[in-house]
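**Student:** These are the residues of each chain, in order.
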Amino acid sequence: MAEIGILHYLIVAALLFILGVIGVLTRRNVVIVLMSIELILNAVNLNLVAFSRMWGLHGQVFSIFVITDAAAEAAVGLGILIAFFRNKETVNVDEVDLMKW
Amino acid sequence: MPDFITGYLSSNKTPGEYGSVFWSLVYIFLIFLGLSVAVIAMNWLERKILAHMQVRLGPMRVGPHGLLQPIADAVKLLIKEDITPSAADRWVFWIAPVFVVITAFTVFIVVPFGPQHAVTDMNIGVLFMLGISSLSVLGVVMAGWASNSHYPLLGALRAGAQMVSYEIAMGLAVVSAVLMTSLDKDGTGTMSMIGIVQAQQAQQTWFVFKFFPLGLIAFVIFAIAMVAETNRVPFDLPEAEGELGAGFHTEYSGFRWSLFFLAEYSAMIAVSSIAVTMWLGGWLRPFPHALSGETWDTIFSLVPGVIFLFLAALSFRATARMSKHPYFKFQKLGLGAFGLLLALIGIVLFISTDAIDIRGKVQDVFWFTAKVAVFMYLYIWYRGTFPRYRFDQLMKVGWKVLLPLGIAVLILTAIGGIIF
Amino acid sequence: MLSGIAVLGGILVITRRNAVHSALALILTLLSVAGLYLMLYAPFVAGVQIILYAGGIMVLFLFVIMLVNLEKSQKEEQFNKIWLIGLLGALGLGALFVGVFVRSARSSNDIFFQLLRRPLVAFADESNTQAVGQMLYQNYLFAFEIASLLLLVAIIGAVVMAKKRIN
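Chains as they are written, first to last, in our numbering: chain A, 14 to 114; chain B, 135 to 554; chain C, 569 to 735.
What the hints contain is simulated information worked out from the structure, not anything from laboratory work. Please note that the accuracy of each hint is not assured.
For lysine-lysine, the following DSSO-like pairs were computed, each having C-alpha atoms within a straight-line distance of at most 27 Å [as the list claims (entries may be wrong)]:
#1 731(C) / 101(A)
#2 466(B) / 182(B)
#3 182(B) / 463(B)
#4 495(B) / 731(C)
#5 732(C) / 534(B)
#6 182(B) / 214(B)
#7 210(B) / 463(B)
#8 534(B) / 731(C)
#9 182(B) / 210(B)
#10 101(A) / 732(C)
#11 530(B) / 731(C)
#12 466(B) / 210(B)
#13 182(B) / 458(B)
Chain A extracted, bound-state conformation:
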């Protein structure tokens, strides 16, 4: 596999990315949408770490930052979800329409 190198990992990362995008675009449950966002971030991380195999350690360092960011964003997103859930007892994305005209 020395000739192909990291192509295998890039394909897996692309697949995970596509699955995450499908999840974000098609699911109704807010929590599952947030989890699909985590899937997308993981795919990006995998891509970064795979490329760092060729270009030095910068990819790994940046992927640590991405993981940290994902944690912060998950916390804030779930906080928003809880705050919204208190007002309207639903986790359906279609019903987040308080500001619709």
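With chain A fixed as given, assemble chains B and C onto it according to the hints.
**Tutor:** Here is chains B and C on its own, set in the frame of chain A:
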């Protein structure tokens, strides 16, 4: 004997380093065996020691002085009916005990019983251990949710919140210990567990005594956090029998409950092993440098045999003091045989000829096990002595006391490392 | 094989009706991705992934799922009204990816080809953590500080938003 078996025996590495699958499996099997024996012994010891602390006798009927009690418990649990609540989520209910047991046992891959006696010495051993402990939280939360009833869910959420809070304090204490490994001459630290013990050997001081009192405070933070992490008294509100009806494992019965039980005691042994490795010098004997030299080495190497002979003497004394009623014949025989077995092990541990050096080989594993056994006794002592923390007090201690203390110890250790 | 498990986990995440099952599938995906990191000679990132992602973020998700768990949400329709368009969009993205990969495998003066044909860097096995740490604290120090500030802001934000209103 084929080469892949004997080739390892002459090398001086851990099986993972040497790359031998066969010997790794042998080590894993030995760890399983040792853990099972340890959990059984812990069960008996806990009931007896708690009983003696409460001025009563504990189990005395099943076998001499209750020695066969754990076996009776195990048989009872295995033949109990395996009930699955009808409203429970079948997959999650099934997988939760398995998950908890897997995470409890996986930590033992990196625990070093000696300089070459770890299954594999990962370069990121400490990170691996912290990660697996955080996975055990998931198992607990899954167990509580899968039971689909109020008490287990509340217990599981409380247990999960408690474990996550004290994980942070644990991590900070561990980081300050790892920091201390970098304070030797060439200035690079290591996160491998064997490396930490070797750093303690090279710096000639157990980390608990380093930069006094910083090492001690870090050790105490880890000791408190590990008791909270394994949900034991005084932090056992999630599984308190009086308040929550056994918490997150209420709905489990029979074999599944015994898996939780096994996982709890294995987790206790695992975090104690980690505490011993990081602060108390792993497999090093007491005073490796203050009292060094051939004579002291020999004296300390006699200790395992002496301890086993002492235990044998205790069991012989108990046999002699047993009632003379004819119904006690089998119990006397049993206890006498047990005492004989212990004496035999003690005598075997004295052997140190040139051909078979049992005394020398057993040293590392023995001192490690002895230190872990001290921790187990401490766990049982806490259970007999402390009242239970209320949940908000528990969280307050975790976040407002241990966390700032951990950060302070870390900063002070770093400053101490720069100055000295 | 690890990649197969990762992709299977991903498929399970987006298709399960029960949110807890999705969360467990995501844990499976995260753990297999950590395994893939180990195969890519990145043990530190693998360790961080297990501690933070699988052990921290997923616990957060499970807590919130249990807090907002409604029987109603499981009986509702679980896919959007516009699911077909979403699927087509994602498949279009997939076609784009496939195009990039095919181009990189074929012609030799393409930039994509150069991208994937560099020789692999030989990593020293024992000191990955030390090297990452050095890079983190020397080249990326500012980003490190900003990341800690970001986490502080996230903590404050999450606490403020999830607090109970005392009226």
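**Student:** Look at each hint and say if it fits the structure.
**Tutor:** We went through each hint and held it up to the structure:
1. A hinted pair counts as satisfied when its Cα atoms are at most 27 Å apart, and residue 731(C) with residue 101(A) qualifies at roughly 16 Å.
2. For the hint pairing residue 466(B) with residue 182(B), the CA-to-CA distance comes to about 19 Å; that is within 27 Å, so the pair holds.
3. Proposed proximity of residue 182(B) and residue 463(B) is supported: the alpha carbons are some 22 Å apart, at most 27 Å.
4. This hinted pair does not check out: residue 495(B) and residue 731(C) have alpha carbons roughly 59 Å apart, beyond 27 Å.
5. The suggested pairing of residue 732(C) with residue 534(B) holds, with an alpha-carbon distance near 21 Å, which does not exceed 27 Å.
6. For the hint pairing residue 182(B) with residue 214(B), the CA-to-CA distance comes to about 25 Å; that is within 27 Å, so the pair holds.
7. Proposed proximity of residue 210(B) and residue 463(B) is supported: the alpha carbons are some 26 Å apart, at most 27 Å.
8. Between residue 534(B) and residue 731(C) the CA atoms are separated by roughly 19 Å; this keeps the pair inside 27 Å, and the hint holds.
9. A distance of roughly 19 Å separates the Cα atoms of residue 182(B) and residue 210(B); the hinted pair therefore holds under the 27 Å criterion.
10. Proximity of residue 101(A) to residue 732(C) is assessed by CA-CA distance (about 15 Å); at most 27 Å being required, the pair is judged to hold.
11. In summary, the hint linking residue 530(B) to residue 731(C) is supported, as the alpha carbons are separated by about 17 Å, within the 27 Å threshold.
12. For the hint pairing residue 466(B) with residue 210(B), the CA-to-CA distance comes to about 25 Å; that is within 27 Å, so the pair holds.
13. For the given pair, residue 182(B) sits about 23 Å from residue 458(B) by alpha-carbon distance, which is consistent with the 27 Å threshold.
Violated hint for the displayed structure: number 4, the only one.
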